[in-house]
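Asker: Given chain A's structure and the hints, the job is docking chain B onto it.
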Amino acid sequence: MSATVASSPGVVRRALHGTGARFGLAIAVVFLALTLFAPLLAPYDPYEQDLSNSLSPPSAQHWFGADQYGRDTLSRILYGTRTALLAIVMADGLALLLGGSLGLLAGYLGGRVDALIMRIVDVLLAFPYLLLALIIVAVLGPSLTNSVIAIGIIYTPQYARLMRGQVLTVQTADFVVAARAIGAGRVRVMLRHVLPNSFTPVLVLATLQSGAVVVETAGLSFLGLGAQPPSPDWGALLAEGHGYFLTAWWVATFPGLAIFLVVVGFNLLGDALRDQYDPRLRAR
Amino acid sequence: MANYVAARLVQLLFVLIGVSVVVFVSMHLLPGDVAQLLLGDHATNEQLHRLREQLGLDQPVWVQYARFMREALHGDIGISIQTNRPALTDVVTAFPVTLQLALASLLLASMFGVPVGVLAAMRHGSHLDTVVMTLTLFGVSMPIFWLGLMLLVLFAAGLGWLPVGGLMPIGLDPPHITGMSVIDSLLSGNATMIAASLRHMLLPSVTLASVPLALITRITRAEVMSAATADHVRTARAKGVADGRVILRHILRNAAIPIVTVIGLQLGLLLSGAVLTETIYSLPGLGRLMVDSILSRDYPVVQAGALFIAVVFVLVNLAVDILYAALDPRISRA
Chain A
1 MSATVASSPG
11 VVRRALHGTG
21 ARFGLAIAVV
31 FLALTLFAPL
41 LAPYDPYEQD
51 LSNSLSPPSA
61 QHWFGADQYG
71 RDTLSRILYG
81 TRTALLAIVM
91 ADGLALLLGG
101 SLGLLAGYLG
111 GRVDALIMRI
121 VDVLLAFPYL
131 LLALIIVAVL
141 GPSLTNSVIA
151 IGIIYTPQYA
161 RLMRGQVLTV
171 QTADFVVAAR
181 AIGAGRVRVM
191 LRHVLPNSFT
201 PVLVLATLQS
211 GAVVVETAGL
221 SFLGLGAQPP
231 SPDWGALLAE
241 GHGYFLTAWW
251 VATFPGLAIF
261 LVVVGFNLLG
271 DALRDQYDPR
281 LRAR
Chain B
285 MANYVAARLV
295 QLLFVLIGVS
305 VVVFVSMHLL
315 PGDVAQLLLG
325 DHATNEQLHR
335 LREQLGLDQP
345 VWVQYARFMR
355 EALHGDIGIS
365 IQTNRPALTD
375 VVTAFPVTLQ
385 LALASLLLAS
395 MFGVPVGVLA
405 AMRHGSHLDT
415 VVMTLTLFGV
425 SMPIFWLGLM
435 LLVLFAAGLG
445 WLPVGGLMPI
455 GLDPPHITGM
465 SVIDSLLSGN
475 ATMIAASLRH
485 MLLPSVTLAS
495 VPLALITRIT
505 RAEVMSAATA
515 DHVRTARAKG
525 VADGRVILRH
535 ILRNAAIPIV
545 TVIGLQLGLL
555 LSGAVLTETI
565 YSLPGLGRLM
575 VDSILSRDYP
585 VVQAGALFIA
595 VVFVLVNLAV
605 DILYAALDPR
615 ISRA
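Protein sequence lines correspond, in order, to chains A and B.
For the first sequence, the numbering used here puts the final residue at 284, and the numbers step up evenly by one.
For the second sequence, the numbering used here puts the final residue at 618, and the numbers step up evenly by one.
Take these hints with a grain of salt, some might be off.
[Stated by the list, open to error] Sample of chain A residues with no beta-carbon within 10 Å of chain B, all distances over it, derived:
#1 LEU94
#2 THR172
#3 ARG180
[Claimed, not checked] Some chain B residues near chain A, calculated using beta-carbon distances under 8 Å:
#4 GLY302
#5 VAL306
#6 SER425
#7 MET426
#8 LEU433
#9 MET434
#10 VAL437
#11 GLY552
#12 THR563
#13 ILE564
#14 MET574
#15 ILE578
#16 VAL598
Treat the hints as calculated values from the structure; they're not laboratory data.
Nothing here was measured: the structure is a model prediction, and the numbers come from that model.
Positions of the beta carbon are idealized from the N, C-alpha and C atoms, including for glycine.
Isolated chain A (complex conformation) (with noise of 0.2 Å):
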């Protein structure tokens, strides 16, 4: 038995001793109860316009500046966080379920089912993620759903080919043998014992790639390719900023710190959780 089957929250316990471990996951946390209290700590209504305010710098009334319609950028920033939870959940849930079940059925069934599937996972590979994503954005249309639905698929065949590893591994296992041996039909053995038991690295993976998630999507949302405007999408407020950039700096500064702080948090706690999850990368 590998260490990846190992119970998970000794592992995680383990894994947040470290001051880079603690450090991410309490920026995590303020992020999610960001994500909850917007409405009680913006001190704006994101979307109310105040032109005579138009691109006013920092103030007592505007901690973070106001942008070209006089909004407040830090009550955008505030109700930023929810697209940008909302885009990890998204993205990080169906890269999971997809992935996810092409890899429990293709490291299962095996034989030409696993070929067929493996090759799929290849071609996908085949091509630079972002080029697949903005295919992907190409044929659905410019819009914040869209977008997330790309990165969710480009992050597919990374959970497939990792829980194929997984399901290979334990099938092998001596509970599962046993499982079949008294009888257990397929699909029994694969839901009830393959898949739980494979399933923890993978929820590592998820929390790895939620960093990336929030820049892949923010970067759609800059290229005009995501969330459209008025929403307070992160990427959308960086893309103002751009148009502003010689005269208020301010526009395009508070967002993307935002985005930078919440992926450096997310890197940390992910890359503390794989270091427990698989120790010949502790090194690095």
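Answerer: Same frame as chain A, now just chain B:
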């Protein structure tokens, strides 16, 4: 080795067929009718019918795919709706801009990443190591479109040292030879032109270099650290070989293969990942062309660009794999 290359080439063929199917199928899933899209809303039924026949849209899908492949292999991937030029021509015109940016970034990232990684590994656990590792974490976490904007705010808007974007100042055009502004300026031998082209490339290449720089530094550090614990290194030290010589001849030589591979694999990613940098600095590269074509629904160009980038990406990665196998005989025998 020959067998390995042959096997990889066969694999490449299948991947390329897969890539072409993905591009073909995705353009077929587009909402709406391609003929309607090409002719606009005022087209008559007869015009639409004639165009559908001309494009083969009335044929079965596999016939359409065969036709698409036949034409693609002859370099014909349709006509741009925007420019009325062959879509592939637009793509090939934009490519040198992206290639120049990707190569410049890779050069910067390797030039700084490898020495810094070696230094961090040799002083493993020191303050310097901690600072380097923290910076690499920032490097991989910083959205490059934000980094690009911040560099513009600081060096273009604030200090006024560097231009805000574009390849060259208006009115200063190097002769069009390779399509890469820096190379063309160098070929022209005009000092003003060379300086201007370099000034315009500085911020974009620093921006795009941030992620590969962090990755190359990390992998160099990790590989040097693991190579440094090998028995032959201890023997060399015990024999009294000088530090610098141990690092160069005994450690770096063994760490070099994975480092070179990571550098090579970055090139493919940079070629496709340049789109955000191109947008920030208004560079007329391939990524920007793709996004503009998606936004204006110029699908022939999207299709041509997607095929072109995917093929280049697959070929670059294949070249890196073969190089890797040539450097390390264990790979091709495995």
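Asker: The structure should be examined with respect to each hint, and the outcome stated for every one.
Answerer: Structure-based check of all given hints:
Distance to chain B confirms LEU94 of chain A as a non-interface residue, since its nearest Cβ pair spans about 17 Å, more than 10 Å. Every Cβ of chain B is farther than 10 Å from the Cβ of THR172 of chain A; the closest lies at roughly 23 Å, confirming the non-interface assignment. Distance check for ARG180 of chain A against chain B: the nearest CB is about 33 Å away, which clears 10 Å, and the non-interface claim stands. About 3 Å separates the beta-carbon of GLY302 of chain B from the nearest beta-carbon of chain A, less than 8 Å, and the hint is met.
Among the interface hints, the one on VAL306 of chain B holds; its C-beta lies about 6 Å from the nearest C-beta in chain A, closer than the 8 Å criterion. Hint status for SER425 of chain B relative to chain A: holds, with the closest Cβ pair at about 4 Å, below 8 Å. Nearest Cβ of chain A to the Cβ of MET426 of chain B: about 6 Å, under the 8 Å cut. The hint holds. Annotation: LEU433 of chain B was flagged as interfacial toward chain A, and the flag holds, the nearest CB pair being 5 Å apart, inside 8 Å.
For MET434 of chain B, the suggested interface contact is upheld, since its CB lies about 7 Å from the closest CB of chain A, less than 8 Å. For the restraint placing VAL437 of chain B at the interface with chain A, the shortest Cβ-Cβ distance is roughly 5 Å, inside the 8 Å limit, so the hint holds. For GLY552 of chain B, the suggested interface contact is upheld, since its CB lies about 6 Å from the closest CB of chain A, less than 8 Å. Taking 8 Å as the C-beta contact cut-off toward chain A, the hint placing THR563 of chain B at the interface holds, the least distance being around 6 Å.
The closest approach between the C-beta of ILE564 of chain B and any C-beta of chain A is roughly 7 Å, which is under the 8 Å cut-off, so the hint is satisfied. Because the closest C-beta pair between MET574 of chain B and chain A is about 6 Å apart, less than 8 Å, the hint holds. For ILE578 of chain B, the interface hint holds, since its Cβ comes within 8 Å of a Cβ in chain A; the closest pair sits about 4 Å apart. The criterion of a C-beta within 8 Å of any C-beta in chain A is met by VAL598 of chain B, whose closest approach is roughly 5 Å, and the hint holds.
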